[in-house]
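Asker: Turn these sequences into a full structure, and let the hints steer you where they fit.
There are 2 protein chains.
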Amino acid sequence: MAPSDKKLLHGTLDTLILKTLSHGPRHGYAVARWIESKTGDAILVEEGSLYPALYRLEKKGLLKSEWGISELERRAKFYRLTDRGATALAEETDAWLRFSGAVTSILTSRP
Amino acid sequence: MAPSDKKLLHGTLDTLILKTLSHGPRHGYAVARWIESKTGDAILVEEGSLYPALYRLEKKGLLKSEWGISELERRAKFYRLTDRGATALAEETDAWLRFSGAVTSILTSRP
DNA sequence: TCCTGATGCATCGGCTGTCTAGGTATACAC
DNA sequence: GTGTATACCTAGACAGCCGATGCATCAGGA
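Residue numbers (the working numbering), protein chains in the order written: chain A, 3 to 113; chain B, 3 to 113.
In case anyone wonders, no lab produced these hints; they're calculated from the structure.
Honestly, I wouldn't trust all of these hints.
Remember, identical chains collapse to one label, so a pair may be satisfied in a single copy or spanning two.
Straight line, CA to CA, 25 Å or less: simulated SDA-like cross-link-like pairs of lysine to any residue [claimed, not checked]:
hint, residue 1, residue 2
1, K61, E75
2, K40, E94
3, K66, S111
4, K40, L99
5, K62, T110
Answerer: And the structure:
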């Protein structure tokens with residue numbers, strides 16, 4: 003495998019987080035692990051990307067947070083989707099499908 | 003349509019340019035118009051993104067440029083893919099398909 | 001006992017890519 | 001002459017991501 007086999011997020015992290023939380027509230031660390039496991043590590047979620055994204059989304063009113071206790075009895079901040087977050091998720095999913103479809107269609111086209 | 007219907011490139015511009023040039027040499031302006039027309043304007047290529055990208059790719063040795071005359075008899079800089087550019091295109095296309103597939107699979111999954 | 005690794009939060013600096021906005025110049029139609 | 005399309009380029013700003021680092025707790029192994 004090439005040494006530059008980066009797992010870039012390309013601006014999709016916010017949408018992926020919203021989608022993850024649409025399955026129910028989770029704490030930040032669990033969100034990252036869930037995304038990675040669901041993609042078979044095709045996507046890596048660095049903590050330096052994750053926490054700013056969560057903060058960003060909460061600031062926009064798409065998430066709400068609450069301190070609680072994780073499954074492993076540790077202090078953790080749980081996030082849940084707001085109504086506005088659900089709306090944003092639908093819109094962004096739609097935009098992603100159109101965009102990625104367009105890119106894939108070009109990249110896989112034969113001369 | 004939402005007013006914030008941005009056509010973001012999400013880091014795919016370099017790959018799209020390489021792909022465009024794999025069909026044969028073109029000048030910059032034509033590359034942008036080709037991408038836009040192929041996607042039915044789902045993707046917009048701003049000139050402030052285009053020219054820095056072309057410069058970037060040439061600096062990396064993935065493109066070679068040469069001044070010439072466009073179909074409309076105007077001075078234009080023509081770009082062609084180098085061998086390294088073709089290799090990079092193959093790698094980046096592969097990376098894109100894996101990445102976008104992973105994202106799409108998450109976003110379209112049902113709880 | 002000490003050390004490592006996993007869990008869980010957070011921030012900082014720097015880089016890269018994109019956009020906005022401007023500029024230059026030529027050709028052609030009106 | 002004036003506008004429109006073609007064709008190039010750059011500067012400035014900003015957002016998102018990454019790497020590094022820091023804090024704290026707990027389990028398990030050497």
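Asker: Does each hint hold? Answer for all of them.
Answerer: Hint check results:
no.: 1; hint: K61 <-> E75; verdict: neither (27 Å within a copy, 52 Å between copies)
no.: 2; hint: K40 <-> E94; verdict: both (19 Å within a copy, 22 Å between copies)
no.: 3; hint: K66 <-> S111; verdict: between (43 Å within a copy, 23 Å between copies)
no.: 4; hint: K40 <-> L99; verdict: both (18 Å within a copy, 16 Å between copies)
no.: 5; hint: K62 <-> T110; verdict: between (36 Å within a copy, 23 Å between copies)
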